[in-house]
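Q: Listed below, chain by chain, are the residues.
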Amino acid sequence: MSLVASEVTKRFRDVTAVDNLSFTVQEGSLFGFLGPNGAGKTTTMRVVLDIIKPDEGRVTWKGLPFGQMGRGFFGYLPEERGLYPKMRLAEHLEFLGRIHGLDRRKAQLETERWIERFGLGDMRHKRIEELSKGNQQKVQTIGTMLHDPELLILDEPFSGLDPVNTALLKDVLLDAHGRGRTIIFSSHRMDQVEEICEDIVLINKGRLLLHGNLKKIKRSMGRQILRISLEGKEDFWAKIPDLELLNSRSDYQEFRLGEGVDPNEVLAEAMRAGQVLRFELVEPSLDQIFVEKVGAMA
Amino acid sequence: MSMIPVLVKREFTSRVKGTAYILTTLFGVLVFVALSFLPPIMERINQSMNPGQIDLMVYEQDGESGILPYLQEVSETRDGFALRSGSGFSEQEAYQIVLDEGLSGLLLVDGPLYTLVTTDASNVILNDEIESILNMAVSRYNATRLGLSPEDMNSLFGRVDFRVREVSPLSDDGEELDSVAHTQAMVLAYFLLFMIYMALIMYGNMVASGVAEEKSSRIMEVMVSTVKPLELMLGKIIGVGALGLFQFFIWIGTGLLMNTMGKSGFLGGLLGATQPLSTIPLTTILWFGLYFVLGYFFYASIFAAAGALVSRVEEVSQVVTVIMMLLMAGFFAAYISFLNPNGSVAVVTSLIPFTSPMVMFARIVLGNPPMMEVIASVVLLVAALLIVAWISAKIYHIGILMYGKRPSLRQVLRLIRD
Numbered sequence: 001m002s003l004v005a006s007e008v009t010k011r012f013r014d015v016t017a018v019d020n021l022s023f024t025v026q027e028g029s030l031f032g033f034l035g036p037n038g039a040g041k042t043t044t045m046r047v048v049l050d051i052i053k054p055d056e057g058r059v060t061w062k063g064l065p066f067g068q069m070g071r072g073f074f075g076y077l078p079e080e081r082g083l084y085p086k087m088r089l090a091e092h093l094e095f096l097g098r099i100h101g102l103d104r105r106k107a108q109l110e111t112e113r114w115i116e117r118f119g120l121g122d123m124r125h126k127r128i129e130e131l132s133k134g135n136q137q138k139v140q141t142i143g144t145m146l147h148d149p150e151l152l153i154l155d156e157p158f159s160g161l162d163p164v165n166t167a168l169l170k171d172v173l174l175d176a177h178g179r180g181r182t183i184i185f186s187s188h189r190m191d192q193v194e195e196i197c198e199d200i201v202l203i204n205k206g207r208l209l210l211h212g213n214l215k216k217i218k219r220s221m222g223r224q225i226l227r228i229s230l231e232g233k234e235d236f237w238a239k240i241p242d243l244e245l246l247n248s249r250s251d252y253q254e255f256r257l258g259e260g261v262d263p264n265e266v267l268a269e270a271m272r273a274g275q276v277l278r279f280e281l282v283e284p285s286l287d288q289i290f291v292e293k294v295g296a297m298a
Numbered sequence: 001m002s003m004i005p006v007l008v009k010r011e012f013t014s015r016v017k018g019t020a021y022i023l024t025t026l027f028g029v030l031v032f033v034a035l036s037f038l039p040p041i042m043e044r045i046n047q048s049m050n051p052g053q054i055d056l057m058v059y060e061q062d063g064e065s066g067i068l069p070y071l072q073e074v075s076e077t078r079d080g081f082a083l084r085s086g087s088g089f090s091e092q093e094a095y096q097i098v099l100d101e102g103l104s105g106l107l108l109v110d111g112p113l114y115t116l117v118t119t120d121a122s123n124v125i126l127n128d129e130i131e132s133i134l135n136m137a138v139s140r141y142n143a144t145r146l147g148l149s150p151e152d153m154n155s156l157f158g159r160v161d162f163r164v165r166e167v168s169p170l171s172d173d174g175e176e177l178d179s180v181a182h183t184q185a186m187v188l189a190y191f192l193l194f195m196i197y198m199a200l201i202m203y204g205n206m207v208a209s210g211v212a213e214e215k216s217s218r219i220m221e222v223m224v225s226t227v228k229p230l231e232l233m234l235g236k237i238i239g240v241g242a243l244g245l246f247q248f249f250i251w252i253g254t255g256l257l258m259n260t261m262g263k264s265g266f267l268g269g270l271l272g273a274t275q276p277l278s279t280i281p282l283t284t285i286l287w288f289g290l291y292f293v294l295g296y297f298f299y300a301s302i303f304a305a306a307g308a309l310v311s312r313v314e315e316v317s318q319v320v321t322v323i324m325m326l327l328m329a330g331f332f333a334a335y336i337s338f339l340n341p342n343g344s345v346a347v348v349t350s351l352i353p354f355t356s357p358m359v360m361f362a363r364i365v366l367g368n369p370p371m372m373e374v375i376a377s378v379v380l381l382v383a384a385l386l387i388v389a390w391i392s393a394k395i396y397h398i399g400i401l402m403y404g405k406r407p408s409l410r411q412v413l414r415l416i417r418d
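Chains as they are written, first to last, in this note's numbering: chain A, 1 to 298; chain B, 1 to 418.
I should point out that these hints are in silico values taken from the structure, not numbers from a laboratory. There may be inaccurate statements among the hints.
[Unchecked claim] The list that follows gives simulated cross-link-like pairs (lysine-lysine, DSS-like), each with its CA atoms no further than 25 Å apart: (1) Lys62/A with Lys228/B; (2) Lys86/A with Lys17/B; (3) Lys228/B with Lys53/A; (4) Lys9/B with Lys106/A; (5) Lys53/A with Lys394/B.
With the rest of the complex left out, here is chain B (with noise of 0.2 Å):
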């Protein structure tokens, strides 16, 4: 009879009461919580970044410049835009009326020089907003000056027609791209790496600093002479694992009520359309699915070997720094993938098992990448995963009764291969 449910339970019955535990999935609900109402406040950030109501006042220094009539043909397309002549005041009348009026401010035309008077000259966003208007202004003035016609001005500086048809061999007429569910995509895909990233590195350092807790409090003798290395380390990553996934069920599930909430109209006007929970394809989540246990079992192993290495505690966070290190370059690997999923960097980081669960993911969800290139990863890391769990429960086996120093990396290889 294998021993694995019982140390499983314990695992888990022991740490969901800790007071670490609690206080993480607390704060992961506060995130959820505060992402779904993240479009209002998105929106609210928005509403501060518009300037709102200008009330310019334009001077011309040097009599007419001929500029005056054009402002006022761009302040009619844009709202919340008044404009003022100064032109029979003088220059000190017109900074008194500014003042007086409480306007946004004083336009001063000098030949092909513009100065803007302002009460408030950190006000960026203002600044630019007049400036691009002066900008359009001077444009249209210019281009009357050359004699072009509003068409012309049009074809000149509008925008292309840009479209992007993906083909494949399956459908020969090609797709086209939807570049708002593209954004949507990506943004999901970095929502859930992000999750993946997280999960490893909090998961496999719960592993570690496990393995060396059983081996600083010196239970570890007793449970070897009973339970062979191999249960013990499959017991703890699975205890660790289903505790992570207890925490992630609780997460997504404050996500999902949310969401209901605000299609519901019980938070509906206060969450705004938060819809990126149910649009999730789920293929997506079953890829998701498959390469966290993967990514999470070939890691959690790495971390718990590391954990049999040291003798306390405390020392724990200097062997797992290697081991964060390659979890960063496959965060970063894939975040490189995010830009061209089908580039030379996202295609060998995807088969790499230290990178692959992350970059991998990444990949599917973006680029469609080739099947063969999907099963090659998924083949390789289960491989490796193998390897991995094999060397480790060796490490494990003969690194958990050492006390003292730490071995060097000769010392562990040689322990490997007796």
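Looking at chain A on its own, in the form it has when it is part of the complex (with noise of 0.2 Å):
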């Protein structure tokens, strides 16, 4: 257990922007923290990097505050991006460096390595405010792991970024993650989400909604999802009760299952109406849950 958040309160004026919060995210961890636009995430985040202080609650690091736990510990990428626009490239990174505890060779060093990382090499001696934005995007995101901080906190890191680069980056933080890093980080892509991360965090108007291993939270959803593709008539599902169509694609059509529908008898009911070409039984998406949680809560 290494950073516990314990009951966090924080209301702004007659907001209350988050509410009773309570997660912990285990060390090496790559922890999703989800929820919908104004949900609390980046006050969240705030008050876990001691940014803001919490009305009520209190965040820890392996048991101890984050204030004590000196500056380079931890790299932030807030959402809302922000550089210095009249530095040069490899001088701002070498200041961030700098202003995380690195000393000066040290800072230099990391600085061409990751400039050859992520092949900006001839921008070098460029302003930021010269840089593309997704340029600027990824100078910013170097800068929070140039110093190999403990815990990388990211807010939307994918959000900007072409495919190419978005593949670089989930790179980047899986082999931090190999080397025992604990990471958090929020996006809006679900499925981005799913493809990395064990644990996640679900919040919505600053409540917590799920929290747990992802494989868990999609078990314990309980209801199936099943997924047919047939030739012949379509709408056999009509005459049995508690198959709810979920989405009618052209590929396939997918139906939520409802307490004690046998899926058999559902097949067998298909095989009736004509050729099965697919038939398949799926844990919900991430994307569901997300929707079916947030949804019922509005």
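Make the complex out of the two chains shown on their own, each in a separate frame, by following the hints.
A: Okay, structure coming up:
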């Protein structure tokens, strides 16, 4: 157990941005921090990082409050990106390394290494304001992990990146994960979260909706999703009670199995209706869990 | 380990290469070079204020008025003044001579009325000169008529021999005030005062817009997550201060260089006698340094807080207006103190931290204020500086993550209280 947020509440005048929120992040895990817009993700991250003080509750890292950890043990990529526009790329990275506690030599060394890895070599002397948005984002992302922090907190790290750079960043994150670093990141792209995260927390309106291991969460959702593709009478399902059509795609139809519906009976019914090309029982996607959980709360 | 050196270095190196900084530095250098050329230029201006050679023809319209010998007498005491009598000519002929020979003018005397007829009536300097000569002549003429001797005249119109002695508890016989030295001190104090004023405005604004820039470019959030707001603020203030100091070194260096060149004869003839910089007493420079640094930190903290209250650089000018007014008040108070360095306005404003950096400095250079008042002013300024820095760091802490509408004064006060 390494990062523990216990009963954190943060109010801004009459709005409660974070409401009695508790969660833990295991050391070395890749942790997804999810929630719809305005759910309180950024505020929670700021509280975790000790940028703003919570009204109630506390956050600790390995049992110690964040204020005592000294600089450089974490890296933070805020959702609102920002760099000094007049500074030059290499100079800026070096500066970010320095304020995270690296000495000058180490900062220069790491700057070179990361510039190489992200292929920014021919831009090293350009001003930040001359770079494209995507490259600025790369610079800032590098700035959060130049000093190889124990804890990485990234707010929407993939937004604004093209597929090539998305893959590159994914690699970098998995690499850090392999070296035992703890990574917390938020994203709107549930497929990306599903792809790399082990644990998640889902919040809405400042309150906790889901927390834990992603696989367990999926399993515990109970209801199974059924995908059927057949040539024949596609409306056969209407006879079966408690079978709800979720999604009708050109390649298959997706249903939710109600309580006490035997998938085998559905299969039998489908075979009577025509040639079954596909019959598959799947777990709900994170997307569906997200929509369902958040939707239920609204 | 404090991050202030790293922040100061960034602030300094990223700005020192900026176009705005280089341009203002060059402009300052030009001003200093121009200042060295000021004495000869002033001389030129003085020369053009001199009417030069005056050739005047006097025409008495109703025969002898008796003024002519006195005019003659006065004209002999003045260089470049030639007088010619118009008697024997008609008025018409006299005009003709003035025009033909290009004389300065024709003075028509008609009883108590004197009329100057000239081809260049708009030459006020010439008109004034002739009027004053005429006045002197008429005074002497009237004095003779009243039976006064030249000695009587002198005792009536001569200047009083007036000296000023300053008595202090330390030297009871009093020290005579050298009025030339006093004027020099005043010019010097005024110059240094203006430097303080300009520096506070220039670098204060640089601090405020720097903070606003960090906010608007959203780098602030990364910064506050790793660096304490007070460190961040001090880093900015010291960084900009170092830029200012560097600029001043360049300027003053230019001044000194021009000065030595003037002395060594290389530019000597051209520059004339320039000496103000080399005659500045060391204590004055030390006081200047002390009040400059204290004043800068005091005002820069306020400017930093102001910058933290806005979200965009364009809004900075709105919030700094109030601070600029305080600075202007200080400048005017110092100006008033120049005329009476120990008057009540000077004493009071030299204790108030908002005005004391400028006023007390002016008083020290000009007026020998009581040591108690100087100490009180420094102590008050340092105390106020600490309080202001503490409050500003608080506003800074909260303000830098606040975007959108500028908070009202009430909200700011509540933020400080929390």
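Q: Evaluate each hint against the coordinates.
A: Hint-by-hint comparison with the structure:
Under the criterion of a C-alpha separation no larger than 25 Å, the hint pairing Lys62/A with Lys228/B is consistent with the structure, at around 22 Å. Our distance criterion of 25 Å between C-alpha atoms is met by Lys86/A and Lys17/B, whose separation comes to about 10 Å. This hinted pair checks out: Lys228/B and Lys53/A have alpha carbons roughly 14 Å apart, not beyond 25 Å. Distance hint between Lys9/B and Lys106/A is fulfilled; the C-alpha atoms sit about 17 Å from each other, no more than 25 Å.
For a cut-off of 25 Å, the pair hint linking Lys53/A to Lys394/B stands: about 13 Å separates their Cα positions.
Against the hints set out earlier in the document, no violation occurs for any number.
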